[in-house]
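Asks: Protein chains in written order, with the working numbering: chain D, 1 to 311; chain Z, 312 to 721.
Some clues are possibly wrong.
Said to hold, decoys possible - With a straight-line cut-off of 25 Å between C-alpha atoms, the simulated DSS-like cross-links for lysine-lysine are:
#1 Z:Lys414 <-> Z:Lys424
#2 Z:Lys426 <-> Z:Lys314
#3 Z:Lys672 <-> D:Lys9
#4 D:Lys9 <-> Z:Lys615
#5 Z:Lys415 <-> Z:Lys379
#6 Z:Lys415 <-> D:Lys8
#7 Z:Lys426 <-> D:Lys9
#8 Z:Lys434 <-> D:Lys67
#9 Z:Lys639 <-> D:Lys57
#10 D:Lys17 <-> Z:Lys618
#11 D:Lys9 <-> Z:Lys618
#12 Z:Lys672 <-> D:Lys200
#13 D:Lys57 <-> Z:Lys615
#14 Z:Lys424 <-> D:Lys57
#15 Z:Lys672 <-> D:Lys32
#16 Z:Lys672 <-> D:Lys57
#17 Z:Lys427 <-> D:Lys204
#18 Z:Lys414 <-> D:Lys9
Stated by the list, open to error - Partner residues aside, some chain Z positions facing chain D, computed with beta carbon under 8 Å:
#19 Gln323
#20 Ile326
#21 Gly327
#22 Phe330
#23 Ser332
#24 Gln335
#25 Asn453
#26 Pro454
#27 Ala475
#28 Phe637
#29 Asp640
#30 Leu644
#31 Gln656
#32 Glu686
#33 Val689
#34 Arg712
What the hints contain is simulated information worked out from the structure, not anything from laboratory work. The structure displayed is predicted, hence computed values, not measured ones. Don't be surprised by glycine CBs; every beta carbon is placed ideally from N, CA and C.
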Amino acid sequence: MLPTDPTKKISFTRCIKEGDLVIVYERHDCMKAVKVCQNSAFQNRFGAFKHSDWIGKPFGSMVFSNKGGFVYLLAPTPELWTLVLSHRTQILYIADISFVIMYLELVPGCLVLESGTGSGSLTTSLARAVAPTGHVYTFDFHEQRAASAREDFERTGVSSFVTVGVRDIQGQGFPDEFSGLADSIFLDLPQPWLAIPSAKKMLKQDGILCSFSPCIEQVQRSCESLRLNFTDIRTFEILLRTYEIRQWRADCGQGTGGGSAGSIRHKRKQHLIEGSGEKENPNNSTVMARPNGEARGHTGYLTFARLKCLS
Amino acid sequence: TLKIGNKNCSLQPLIGCPFGSLFQVDNGKEGPNLSRVIPSTEDDVQEKEDAQISGEFRDNRAIVDDNKAQCLSGEDIDEMRRQGATGEEIVEALIANSATFEKKTSFSQEKYKLKKQKKYAPKVLLRRPFARSICEAYFKKNPARIGFLRVDMLSLLLSMGNVAANSDVLVVDMAGGLLTGAVAERLGGTGYVCNTCIGDSLYPMDIVRIFNFSNEICKSIVRASVSDVTSQSETSEQSDQLESACNMEIQSNEQKSSSVSMEDISLSSENGVSDLILEANHSPVNKISKSHKVGEKASQETLKLWKENGFSSMIVVAPELDPWSFVKDLLPLLSYSAPFAIYHQYLQPLATCMHSLQVRKMAIGLQISEPWLREYQVLPSRTHPCMQMSGCGGYILSGTRTATNASSQQ
Numbered sequence: 001m002l003p004t005d006p007t008k009k010i011s012f013t014r015c016i017k018e019g020d021l022v023i024v025y026e027r028h029d030c031m032k033a034v035k036v037c038q039n040s041a042f043q044n045r046f047g048a049f050k051h052s053d054w055i056g057k058p059f060g061s062m063v064f065s066n067k068g069g070f071v072y073l074l075a076p077t078p079e080l081w082t083l084v085l086s087h088r089t090q091i092l093y094i095a096d097i098s099f100v101i102m103y104l105e106l107v108p109g110c111l112v113l114e115s116g117t118g119s120g121s122l123t124t125s126l127a128r129a130v131a132p133t134g135h136v137y138t139f140d141f142h143e144q145r146a147a148s149a150r151e152d153f154e155r156t157g158v159s160s161f162v163t164v165g166v167r168d169i170q171g172q173g174f175p176d177e178f179s180g181l182a183d184s185i186f187l188d189l190p191q192p193w194l195a196i197p198s199a200k201k202m203l204k205q206d207g208i209l210c211s212f213s214p215c216i217e218q219v220q221r222s223c224e225s226l227r228l229n230f231t232d233i234r235t236f237e238i239l240l241r242t243y244e245i246r247q248w249r250a251d252c253g254q255g256t257g258g259g260s261a262g263s264i265r266h267k268r269k270q271h272l273i274e275g276s277g278e279k280e281n282p283n284n285s286t287v288m289a290r291p292n293g294e295a296r297g298h299t300g301y302l303t304f305a306r307l308k309c310l311s
Numbered sequence: 312t313l314k315i316g317n318k319n320c321s322l323q324p325l326i327g328c329p330f331g332s333l334f335q336v337d338n339g340k341e342g343p344n345l346s347r348v349i350p351s352t353e354d355d356v357q358e359k360e361d362a363q364i365s366g367e368f369r370d371n372r373a374i375v376d377d378n379k380a381q382c383l384s385g386e387d388i389d390e391m392r393r394q395g396a397t398g399e400e401i402v403e404a405l406i407a408n409s410a411t412f413e414k415k416t417s418f419s420q421e422k423y424k425l426k427k428q429k430k431y432a433p434k435v436l437l438r439r440p441f442a443r444s445i446c447e448a449y450f451k452k453n454p455a456r457i458g459f460l461r462v463d464m465l466s467l468l469l470s471m472g473n474v475a476a477n478s479d480v481l482v483v484d485m486a487g488g489l490l491t492g493a494v495a496e497r498l499g500g501t502g503y504v505c506n507t508c509i510g511d512s513l514y515p516m517d518i519v520r521i522f523n524f525s526n527e528i529c530k531s532i533v534r535a536s537v538s539d540v541t542s543q544s545e546t547s548e549q550s551d552q553l554e555s556a557c558n559m560e561i562q563s564n565e566q567k568s569s570s571v572s573m574e575d576i577s578l579s580s581e582n583g584v585s586d587l588i589l590e591a592n593h594s595p596v597n598k599i600s601k602s603h604k605v606g607e608k609a610s611q612e613t614l615k616l617w618k619e620n621g622f623s624s625m626i627v628v629a630p631e632l633d634p635w636s637f638v639k640d641l642l643p644l645l646s647y648s649a650p651f652a653i654y655h656q657y658l659q660p661l662a663t664c665m666h667s668l669q670v671r672k673m674a675i676g677l678q679i680s681e682p683w684l685r686e687y688q689v690l691p692s693r694t695h696p697c698m699q700m701s702g703c704g705g706y707i708l709s710g711t712r713t714a715t716n717a718s719s720q721q
């Protein structure tokens, strides 16, 4: 998934090979991750797609089923992975993920500690941010989920930058071996204030911590605990509002008489032009946008803090 | 020097101190100066908070706002300063001489004290320049210079643009160099960020200087015109013009950095401490003597590489231009299945761009999004969203380039 391996980097010359992970794109809201295998086939409502047809084609290609239906094959990215991965827990989405990475000031070479791993949605993006010289150490107290996460990181090709540990961070804190080495720490725990004293020991000078909590009471308790050794404590909420577009075509009807008393009837046709090949008629059509009716109201509060400089 | 409030302070005491250090403005003999402060670990914070939560019986029914509550005059305060009173002492004096202070609730007292501290004993926090802080500073003080790019929007552009080490990212940056710098920061010195310009004139990249990049990262920031990246020939008139323009810009940047120039962009945060972002070196030497070779013209070798492999992704911040007018020429430069993200302050140009891309099947997974960001004040019994909020962070059109021929229609 990451371009650090030059043989895997996407380019005009890079074609789909056996063993590659592809994202099968049916529609904007219907995608699936599939591992390419010479003798396998992918089934959906458009028909059956032979993997052997895929091998040798570039990523981004349109491929056809035995019934003439089609899908696109995309190269995996952390953003696409977040949308297709299997949810073992509630995950973080792109709005929170991108903000966290910016505010934790992550760049290649950083060492990040994370708990809990959950389904590995954020972890994959953390890996991208710190590769190839940095590393993500992520912990979850659920052994099976930790194992599933490890499998996913292998599948997506980020496992050289992520180490999954089974550990109860709330109860035991982070391992001592990381003391004073972490550039940033991310916490997504039910009681993060229990992990904050340990986080303080792990962080480098001027290191940054982030805690994600769905409930405001959790945020309040975390901030109380942070005030002792942290400064610049800020809490945010971030959401993404999506828009849909539509093309309007105005077809004018005939006016009556000379126009003094008559009214001109307009017939307006609305056409939804998602993916169709209709030609544009720039003279009497406009594209309009409006927010989507369905919207996410809340994910969680993000609290950031910097370690106080006491020397 | 730096202007804090209405006084000028020398920045000399800052040099040699680690990032994250806290400073206070003191009244010295030669005038106000900055001195290092080691913050307490606030063991008494818990007690104060407990006291606040239990039993707050006061209210403001008897407090009349007639500007007569404070007994000390401006002249009294100046006299105290002349006698060498510290900022803290002045604040204590103001509290002692306020007729209404005791009547206020403890929350109101705390707010009053912070307000006076900010004016008479301001604190300054030294911060390392990073995309996040630079973006926030400009968004607050001079947003027009960065195309009103808010920090959450910038972070989305970097994620949706799949910026990672070893990528070759094509950018159109009309945000003064903020986007270019943010991408380069995430590349960490590997790969390239190609700053391309639509038309003849170069877009300014001054803000890249503030990031204080190492030479390695500077080398990854290059310029190329659209014709350079698309043309087959070795040289072209436009590319020669571009080369001389690039060289002129590099020379003037070097001249700027060799003098002691400090950009003072200060923010004030909720707790009364101003954040200071400096273009400062770790070494105690005042002069910045390294060469910033940022924005050199892309070499023929690099251009060839990009033509063979394509760019890994594209990010566009061109709030004054119509996106479709140039995206249709730039998209074919991206590798197949490469993601892109286009920012605009207005919705309509992105809607028409999205429609055009859909109709021509040039991209899929197209999505127009608008980020919404709200900050919270979290204090015991006083937790609520902040009163002020940014109304609009702009819109973003994201998608993935398909492998179908750009000109075909089905």
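Asks: When the hints from earlier in the document are held up against this structure, which numbers fail?
Replies: 6, 7, 8, 12, 14, 17, 18, 19, 20, 21, 24, 25, 26, 28, 29, 30 and 31
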